[in-house]
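First to last, the protein sequences are chains A and B. Here the first sequence is numbered in our numbering, starting from 17 and rising by one per residue. Here the second sequence is numbered in our numbering, starting from 714 and rising by one per residue.
Wrong hints could be hidden among the right ones.
Said to hold, decoys possible - One-sided and incomplete, this derived list gives chain A residues near chain B with beta-carbon spacing under 8 Å:
no.: 1; residue: A53
no.: 2; residue: F67
no.: 3; residue: S101
no.: 4; residue: F107
Said to hold, decoys possible - Sample of chain B residues lacking proximity to chain A, with all beta carbon distances greater than 12 Å (derived):
no.: 5; residue: H732
no.: 6; residue: H738
no.: 7; residue: I740
no.: 8; residue: W742
no.: 9; residue: F745
no.: 10; residue: V749
no.: 11; residue: L768
no.: 12; residue: G772
It is worth saying that the hints were derived from the structure and are not from the lab. Each residue gets a CB set at the ideal place from its N, CA and C atoms; glycine is no exception.
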Amino acid sequence: MSAKTGRPMWTWRLRDAAVRAFPPERLLPDRQPVYVASWIYVFGVLTIAAFAVVLVSGAWLALEGPTWWHTSKVGLFANSLHLWSTELFFFFMVIHLWGKFWMAAWRGKRQMTWVTGAVAFVASIGAAFTGYLSQQNFASQWIASEGQGRPQRRRRGRLLQRAQLRPDLHVAHPAAAPGPRRPGRPARAAGAKARRGPPARQKRQLPQAEMHDSSTRSPSRTVRTLGPVSRMVPTASWPRIRPGATCGTSPLRMCRSVPQMVTVSTRTIASVSSMRLGSGTSSQRLSPGPW
Amino acid sequence: MSAGIAGGRTGALLGALVHLDHPAHTIHWGWFVISVANLVVIALMLAVFILALVLPFPGRRPP
Chain A
17 MSAKTGRPMW TWRLRDAAVR AFPPERLLPD RQPVYVASWI YVFGVLTIAA FAVVLVSGAW
77 LALEGPTWWH TSKVGLFANS LHLWSTELFF FFMVIHLWGK FWMAAWRGKR QMTWVTGAVA
137 FVASIGAAFT GYLSQQNFAS QWIASEGQGR PQRRRRGRLL QRAQLRPDLH VAHPAAAPGP
197 RRPGRPARAA GAKARRGPPA RQKRQLPQAE MHDSSTRSPS RTVRTLGPVS RMVPTASWPR
257 IRPGATCGTS PLRMCRSVPQ MVTVSTRTIA SVSSMRLGSG TSSQRLSPGP W
Chain B
714 MSAGIAGGRT GALLGALVHL DHPAHTIHWG WFVISVANLV VIALMLAVFI LALVLPFPGR
774 RPP
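Extracted from the complex, chain A is given alone in its bound form:
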């Protein structure tokens, strides 16, 4: 009680408000409702337990790097631990979701509990997807290219393949699995001295002094010439009004010009080999231009 004003201090008011909002006799009930004695109530805590293993194993993987998790025995174990804890996490979470759905668990002012579960479910799907893409092996490339199966899905497939190489995606994955920007620590050879620090702080390799030619002649020799990458299409010309051929004074009675029908599309291909061989394709399309 404040001696000057006679009003209770703010700590008293805060405590009264907290006791009114959360009555102690309801916070820690000593008797469990009878309906809780069911196996279906186990899957929520199983989901949380699996999620804890996911977080710990994911942080372990992120600290060690892809070379470690793909080559060393302990790394393979941690990799498998992360995979199977994720599998169990989704397994338990879906059963928990089914149980809560058929219980209509959003009743009794528990809407936000349901909403948080739904948001966590959707976020987990995104996290699992980015995790599959950031494995840094052929499987992640295969998953990225799977979206390229049908022609209408090619755009999505290209996006996935591009995303698989983007470091941002790996940052988006929980626990920040390392990507190309941070290749991770390579597996240490027996007897090799450990080197700490990010790769950016390592000394750069310089070319030998005897080599004065600084350009690389053939970084990746390609026998097959790529297809045409551009197409030249002349702009169609179709003036609305033929000059000098006005049939009357009203614009509505003016003679319209004949549309230009010939549009030549030329596709060229340039040879990248030293033999200077190439081919050209020329097609002619007879259709009205866009104006």
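Once you have looked at the hints, place chain B on chain A.
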């Protein structure tokens, strides 16, 4: 990765029991395509869900 690196003889034995080094088997129902592995997981989830509802929970029931 070979089974030898993964865990020696145990890994080789498990690898022999469950052969995973092949493309996934898929089931096609018209436009619907699902891998056998995913179908098995869904069936297992349904089975565990039904068992969780049916099986009695251990413990003393209040009178």
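Hint-by-hint comparison with the structure:
Interface restraint check for A:A53: the shortest CB-CB distance to chain B comes to about 5 Å, inside 8 Å, so the restraint holds. A distance limit of 8 Å between C-beta atoms decides the matter here; for A:F67 the minimum to chain B is near 17 Å, and the interface restraint is violated. With its C-beta approaching chain B no nearer than about 15 Å, A:S101 sits outside the 8 Å limit, and its interface hint is violated. Restraint check, A:F107 versus chain B: the minimum CB separation of about 6 Å is within 8 Å; hint holds.
No Cβ of chain A comes within 12 Å of the Cβ of B:H732; the nearest lies about 17 Å off, and the non-interface call holds. At roughly 16 Å from the closest C-beta of chain A, the C-beta of B:H738 stays outside 12 Å, upholding its exclusion from the interface. Residue-level check passed: B:I740 sits 17 Å from the nearest beta carbon of chain A, beyond 12 Å. Every C-beta of chain A lies more than 12 Å from that of B:W742, the closest at about 18 Å, which supports listing it as non-interface.
Listed as outside the interface, B:F745 is consistent with that label: its C-beta sits roughly 15 Å from the nearest C-beta of chain A, beyond the 12 Å cut-off. Every Cβ of chain A is farther than 12 Å from the Cβ of B:V749; the closest lies at roughly 16 Å, confirming the non-interface assignment. Remark: the non-interface label on B:L768 conflicts with the geometry, its nearest Cβ contact in chain A lying 6 Å away (cut-off 12 Å). Its beta-carbon lying about 6 Å from the closest one in chain A, B:G772 breaks the requirement of being farther than 12 Å from that chain.
When held up to the earlier numbered hints, the structure conflicts with 2, 3, 11 and 12 and fits the remainder.
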